[in-house]
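Put together the whole structure using the sequences plus the hints.
Keeping their order, the protein sequence lines are chains A and B. Counting from 1, one number per residue, gives the positions in the first sequence under full-length UniProt numbering. Counting from 1, one number per residue, gives the positions in the second sequence under full-length UniProt numbering.
Source of the hints: derived by calculation from the structure; they are not laboratory data. Take the hints with a grain of salt, since some may be wrong.
Capping the alpha-carbon separation at 20 Å, the derived lysine to aspartate or glutamate pairs in EDC-like fashion look like this [stated by the list, open to error]: (1) B:K394 with A:E426; (2) B:K394 with A:D415; (3) B:K79 with A:E705; (4) B:K733 with A:E583; (5) B:K255 with A:E528; (6) B:K90 with A:D82; (7) A:K700 with B:E738; (8) B:K105 with B:E430; (9) A:K648 with B:D725; (10) B:K732 with A:E581; (11) B:K724 with A:E705; (12) A:K706 with B:D609.
Under 10 Å between C-beta atoms, here's a sample of chain A residues computed to sit facing chain B [to be verified]: (13) P72; (14) S136; (15) I138; (16) A323; (17) D345; (18) S378; (19) P452; (20) E552; (21) V644.
None of these values were measured; they are calculated from a predicted model. We treat Cβ as the ideally placed atom computed from N, Cα and C, and that holds for glycine.
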Amino acid sequence: MYASGKYSSRGPALIPRMKTKHRIYYITLFSVVLLGLIATGMFQFWPHSIESAADWTLDKRSVHDAPLVRLPVSSPIPERGDLSCRMHTCFDVYRCGYNPKNRIKVYIYPLQKFVDELGVPISSTGLSREYNDLLSAISDSNFYTDDVTRACLFIPSIDVLNQNSLRIRETAQALTMLPRWDKGMNHLLFNMLPGGPPDYNTALDVPRDRALLAGGGFSTWTYRQGYDVSIPVYSPLSADVELPERQPRHYFILSSQTAIHREYRAELERLKEENGEALLLLDKCSNLSQGVASARKRCYKGQVYDYPQILQESSFCVVLRGARLGQAALSDVLQAGCVPVILADSYILPFSEVLDWKRASVVIPEEKLSEMYTILKSIPHRQVEEMQRQARWFWEAYFSSMKAIGLTTLQIINDRIYPYAARTYEQWNNPPLAVKIVNSPLFLPLIPPRAPGFTAVVLTYDRVESLFRVITEISKVPSLAKLLVVWNNQNKSPPEESLWPKIGVPLKVVRTKENKLSNRFFPYDEIETEAVLAIDDDIIMLTSDELQFGYEVWREFPDRLVGYPGRLHLWDHEMGKWKYESEWTNEVSMVLTGAAFYHKYFNYLYTYKMPGDIKNWVDAHMNCEDIAMNFLVANITGKAPIKVTPRKKFKCPECTAIDGLSLDQTHMVERSECINKFASVFGTMPLKVVEHRADPVLYKDDFPEKLKSFPNIGSL
Amino acid sequence: MQAKKRYLILLSAGACLVLLFYLGGVQLPAASRSRHDRSRNGYRPDQPWPHFSDPLHLFLPWDQTDTEEYNLHISPRHKRDVNTSVYKGKRCRMDSCFDFSLCQKNGFKVYVYPQQKGEKISESYQNILSTIEGSRFYTSDPGQACLFVLSLDTLDRDQLSPQYVHNLKTKVQNLPLWNDGRNHLIFNLYSGTWPDYTEDLGFDIGQAMLAKASISTENVRPNFDVSIPLFSKEHPRTGGERGYLKYNSIPPFRKYMLVFKGKRYLTGIGSDTRNALHHVHNAEDVVLLTTCKHGKDWQKHKDARCDKDNAEYDKYDYKEMLHNSTFCLVPRGRRLGSFRFLEALQAACVPVMLSNGWELPFSEIIDWNTAAVIGDERLLLQIPTTVRSIHQDKILSLRQQTQFLWEAYFSSVEKIVLTTLEIIQDRVFEHGSRSSLMWNSHPGGLFALPQYSGYLGDFPFYYATLGIKPYPKFTAVIHAVSPLVSQSQPILKLLVAVAKSQYCAQIIVLWNCDKPLPAKHRWPATSVPVIVIEGENKVMSSRFLPYETIVTDAVLSLDEDTVLSTTEVDFAFTVWQSFPERIVGYPARSHFWDSNKERWGYTSKWTNDYSMVLTGAAIYHRYYHYLYTNYLPTSLKSMVDQLANCEDILMNFLVSAVTKLPPIKVTQKKQYKETMMGQSSRASRWADPDHFAQRQTCMNKFASWFGAMPLVHSQMRLDPVLFKDQVSILRKKYRDIERL
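Put into structure tokens, the structure is as follows:
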């Protein structure tokens with residue numbers, strides 16, 4: 001819990017000196033220790049840069065310091081691994097337990113050097129650079145625990161990434177020597193290159209009991225769905241090469257793998273003959289010696305190309321199976337933003353449990369290699385572009401480093417253990433794009449029944465007379481279910497019950513603690529309908545037909561603001577900023593909430609999820625709460641509000657014009673400021689401009705008025 | 001006083017120290033000492049992974065990369081053959097047990113064996129078979145088939161059941177096309193029997209695929225079998241009820257948090273979890289009830305809890321709980337799946353799964369985490385805490401998703417069967433299959449056909465998800481049926497008016513007239529290209545063919561006698577851009593239920609609402625052309641062609657079935673064709689007195705194929721913002737609209 005040990009000691013301990021009695025001294029000391037503990041605890045929330053990385057390098061640790069463990073010849077060998085293992089049969093979920101953070105705890109065994117009785121190590125390479133990177137990444141992550149008793153998942157430090165460097169039997173014996181092995185329960189092994197000549201099995205050959213395997217070349221026959229994790233084969237080129245800019249893609253299809261079986265190469269040659277320049281078919285360069293240099297070059301008829309840079313010049317890149325199903329080339333191809341064309345029958349694609357590969361790759365059966373060109377040609381150009389972006393994003397997020405691979409694997413296992421807190425499809429698959437993607441919280445196409453009606457919420461301060469008129473008017477609307485008066489005046493009590501107008505629906509008065517505009521948008525429990533009509537205490541001009549019709553329109557668009565007077569935002573080219581427009585224009589991007597229907601969900605959203613300080617700002621300025629609501633709804637739904645009926649004026653005819661012109665102008669300036677402020681807080685301009693309004697079907701038609709559902713509509 | 005001082009000192013000292021910690025990184029003596037001890041040891045087992053300073057090897061040495069792969073001697077073709085011969089039976093996969101070549105030539109066609117005399121077939125299985133036979137996948141020629149479905153009822157393989165078919169083994173083996181079950185699909189709902197309820201079907205299925213309910217993760221062959229939901233005999237064949245969710249209440253909690261009401265088996269498997277439910281029951285918001293009453297002799301086996309449980313059980317009504325609970329527990333029964341799952345889904349009661357190892361229905365394509373809570377039987381006692389910890393926003397979304405999934409894949413036998421077939425088709429043509437997004441978002445995989453395009457932006461449904469907008473121009477398609485005789489014919493005026501629209505990309509004249517094409521010069525000169533296509537069979541449905549020449553997302557569909565001004569076209573198109581998934585247009589019609597005749601009625605009278613916008617002057621997404629042509633059955637399309645009528649109604653049915661929403665009528669348009677009857681001397685189809693009666697018939701025929709009435713009423717139309725307002729006409733952008 002306390003990471004006290006983690007933090008460096010750069011200075012001598014400071015003991016506070018005080019000229020006071022001993023007793024006080026002790027109490028102080030005690031409190032100091034206590035505060036210190038709290039402080040160190042809080043350190044965990046401090047940015048991690050404080051944790052000095054230099055500290056460890058100073059220590060000069062070496063893998064050679066790892067303790068030696070000698071494996072007796074007779075030490076037991078685990079069972080091969082049960083193909084029927086699933087999380088609910090072979091994984092002990094009790095070790096993970098209930099956890100408010102819904103995060104598994106992962107323990108890493110300390111590095112040991114295993115040798116057989118003759119002193120020969122079990123692995124020819126020992127700890128590889130990649131496995132070391134993987135383990136340090138996990139130990140730096142918030143999955144890590146150093147407390148073996150609290151761990152849910154155990155990761156051996158025995159490196160089995162490449163089976164070829166392993167002595168199978170001895171490695172298996174070493175696994176059983178792990179103190180918590182317990183038939184491999186809750187143990188996770190990482191392997192990228194399984195199998196060996198001549199058969200090249202598709203899963204690690206080391207017997208491993210019930211251990212989970214994060215494997216890099218699973219076939220559908222070895223992969224235990226929902227138990228194992230299919231991971232990519234890391235490409236060491238990733239660390240060396242950066243492929244930042246995209247050049248024009250000259251080639252349509254590129255094949256750049258060097259070890260392609262001659263049958264397939266012949267097939268590719270044939271395709272090349274048929275389609276000429278669209279295909280580039282590379283092989284390794286015969287004149288170069290093996291090693292890094294050779295890995296970075298490819299040749300075609302004596303012409304030398306840089307690899308992996310050449311991948312950027314093609315739209316599609318072939319990733320054919322080799323001896324193994326998993327190919328490091330896949331990683332290079334994704335990095336170059338080239339769409340992989342995967343030909344590896346029965347291959348389980350990396351992280352396919354969570355990644356939607358259909359959006360980033362084309363999978364073609366090996367048998368159809370000859371049809372590859374035709375198949376790829378049929379893909380729409382815009383889709384190819386999107387796949388390229390998606391491919392590149394997959395690489396960045398999940399392939400680019402051992403850290404990415406390791407943490408993705410842990411997240412997948414974590415998602416299985418806490419499925420109700422799992423990352424969503426969108427979180428896994430949607431790249432952080434510049435364009436705004438909306439996922440409306442009210443996404444189900446639904447026209448709610450008329451019956452529950454709506455709740456009118458009237459915000460009032462002290463205009464009792466006007467309020468009573470509003471109440472009387474609204475009470476005539478057939479679908480009104482309840483009237484809620486939000487009494488925003490703390491200095492004055494609402495009138496006695498007997499003085500209120502008698503209406504046919506329940507009337508409730510809520511008294512607020514502070515005179516704030518946001519009180520009108522609070523999701524009061526008293527609002528039992530999903531439809532809310534927000535209305536000011538001076539809006540008496542709306543007819544019952546207009547209001548009822550507004551409600552009917554809202555039912556057809558329950559995820560939008562449906563209101564009467566419309567407003568517009570405009571870009572002021574001279575000033576280079578947004579401007580508020582209340583003129584009667586042909587366009588609408590906001591409706592005023594002085595009279596508007598909306599879903600109660602937006603009350604909840606306004607009160608608890610308003611971005612930045614907008615809510616407080618509105619309360620402090622006593623203005624723009626309606627603009628804020630329009631921003632909020634448009635931002636989350638990506639949709640414009642609906643203006644209903646021709647109604648444009650909001651001031652009642654008999655109200656005296658106390659608001660002079662000058663006051664009006666400052667008001668407009670302030671509202672323009674609001675738009676600019678909100679746009680900067682939202683980081684975008686979410687408002688959508690439309691040119692339509694909703695009228696009753698027979699509005700202004702030459703038709704008997706008495707047969708119209710909503711005859712009394714029409715004044716401005 | 002003394003105490004006050006002491007506290008003050010304490011507080012300030014503490015504060016100083018905290019500050020020092022943050023600013024100077026001062027360490028506690030105790031902590032730093034322990035650190036030193038450890039580091040002196042050299043190796044500290046309880047520490048994070050150390051940063052090693054020595055150079056480490058690469059896991060894959062550079063020289064190994066190539067040589068390795070050159071060891072590959074076995075021909076890949078040979079390897080494939082080996083796989084095919086080795087991986088059989090329980091290890092079947094598409095790669096080893098499915099013959100893809102059968103699907104190459106004719107596409108994904110499904111053959112159903114002819115029903116043999118004397119073979120009893122249950123109603124559910126009959127529904128499955130007739131769904132397939134009525135679908136666009138069906139072929140009666142086994143030579144064309146890619147997939148084969150038995151006419152032998154395999155749904156109930158419980159030997160104790162009256163539906164159980166005997167001697168299935170021999171019957172299956174004797175089928176002429178059986179071929180060890182290759183490319184066969186077997187449907188099953190129940191397998192095994194008391195006491196252990198195994199998943200064995202009691203006959204050798206060979207290499208056949210299983211579409212099976214209650215299949216376990218251990219037994220399901222990934223991407224080969226299909227897990228289907230358990231459905232009852234009463235499950236409707238088509239259409240099906242809609243979900244029960246009518247509105248999204250806020251906060252999204254219902255009367256109960258979590259409910260369950262079901263049997264507790266006293267003998268045999270399946271009750272471990274149910275036996276423990278009473279620990280979690282609190283009789284308030286978590287109501288988990290079990291009864292011991294089942295079978296004849298339950299009293300023989302009854303335990304100490306039975307009487308108490310039974311009494312509590314009788315106090316609550318299952319339906320009432322189902323409709324008033326936020327979450328519904330779905331524990332395993334005798335088998336892994338239960339009816340309860342679909343019941344909860346329909347009732348918008350978020351299922352809490354307690355059935356370890358159940359491969360959830362259609363899990364290959366459905367992301368169940370978005371509509372259900374996957375619990376673990378081993379952690380039963382944590383379930384209440386878990387569901388209480390789920391955020392309100394998540395509940396709101398889970399609940400809506402239950403409704404989407406129910407209506408998209410489960411509400412009828414037809415949907416279940418078609419989903420199964422589409423899943424298999426996606427596997428067969430993997431490079432042209434649906435992405436997870438298409439399956440898991442509205443309108444779902446049955447309405448989003450990947451053969452149309454692999455690019456989501458080509459569909460009308462995903463603009464918001466992709467953050468893009470439809471292409472800002474339209475293609476006009478004018479349906480021409482009368483010969484061009486005079487230069488004052490409406491079609492020519494229409495052509496000119498449409499071509500003037502700033503949003504018009506091109507005009508296609510579909511020449512469905514028996515007379516030969518008029519000479520090119522007879523068409524007026526326009527600034528946009530006019531393409532004349534001669535209709536192939538001159539049938540009605542050809543106006544909705546997905547012509548490749550339509551390059552824009554929007555199609556403006558027009559009759560030859562439509563009168564429309566440029567302003568009207570412009571305005572309709574700007575409205576469509578806000579509603580690209582709907583039909584947006586001028587001529588509105590309505591439907592109603594005629595309770596006297598007990599059938600649907602069609603009306604063209606002026607009404608206060610409408611449910612159709614006719615395609616004589618309407619804009620919609622070009623995807624609907626594809627859907628009309630490829631999704632609808634031949635029976636409906638040929639009816640339209642024979643009558644030369646109702647194509648517009650059918651299009652409205654289709655689009656509303658997809659969107660579940662009404663079309664959008666824009667502004668008022670005085671010209672109602674059906675009221676113009678007799679006015680025109682031309683032999684217009686609108687003048688035919690049978691015309692109207694046919695449309696009534698069409699409505700009912702369509703409704704019966706869709707299994708329900710998909711049309712939805714709307715009470716509003718969309719007008720320009722300043723429409724008919726008393727403001728200066730100069731202010732108005734669409735001023736011509738008012739002059740009509």
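Each hint, compared with the structure:
Of the supplied pair hints, the one linking K394 of chain B and E426 of chain A holds, its CA atoms being roughly 14 Å apart against a limit of 20 Å. About 16 Å separates the Cα atoms of K394 of chain B and D415 of chain A, which keeps this hinted pair within 20 Å; it holds. Between K79 of chain B and E705 of chain A, the direct Cα distance comes to roughly 80 Å. Violation of the 20 Å bound is thereby established for this hinted pair. A threshold of 20 Å between alpha carbons decides the hint, and for K733 of chain B with E583 of chain A the separation of about 14 Å falls inside it, so the pair holds.
With a CA separation close to 13 Å, the supplied pair K255 of chain B and E528 of chain A stays within the 20 Å bound. Under the criterion of a C-alpha separation no larger than 20 Å, the hint pairing K90 of chain B with D82 of chain A is consistent with the structure, at around 15 Å. Annotation: proposed proximity of K700 of chain A to E738 of chain B holds, straight-line Cα distance about 11 Å (limit 20 Å). Between K105 of chain B and E430 of chain B the alpha-carbon distance is near 16 Å, which keeps this suggested pair within the 20 Å criterion.
At roughly 10 Å between alpha-carbon atoms, K648 of chain A and D725 of chain B fall within 20 Å of each other, so this suggested pair holds. A distance of roughly 16 Å separates the Cα atoms of K732 of chain B and E581 of chain A; the hinted pair therefore holds under the 20 Å criterion. Proximity of K724 of chain B to E705 of chain A is assessed by CA-CA distance (about 17 Å); at most 20 Å being required, the pair is judged to hold. Taking the CA atoms of K706 of chain A and D609 of chain B, the gap is near 15 Å; set against the 20 Å cutoff, the hint holds.
For P72 of chain A, the shortest C-beta to C-beta distance to chain B is roughly 22 Å, which exceeds 10 Å, and the interface hint is violated. Nearest Cβ of chain B to the Cβ of S136 of chain A: about 5 Å, under the 10 Å cut. The hint holds. The criterion of a C-beta within 10 Å of any C-beta in chain B is met by I138 of chain A, whose closest approach is roughly 7 Å, and the hint holds. With a least beta-carbon distance of about 4 Å to chain B, the hint placing A323 of chain A at the interface is held under the 10 Å criterion.
Look at D345 of chain A: its Cβ gets to within about 5 Å of chain B, closer than 10 Å, so that hint holds up. For S378 of chain A, the suggested interface contact is upheld, since its CB lies about 8 Å from the closest CB of chain B, less than 10 Å. The closest approach between the C-beta of P452 of chain A and any C-beta of chain B is roughly 7 Å, which is under the 10 Å cut-off, so the hint is satisfied. Because the smallest distance between the Cβ of E552 of chain A and any Cβ of chain B comes to about 5 Å, under 10 Å, the interface hint for this residue holds.
Interface restraint check: V644 of chain A against chain B, minimum CB-CB distance 8 Å, threshold 10 Å, status holds.
In this structure, the hints that do not hold are numbers 3, 13, in rising order.
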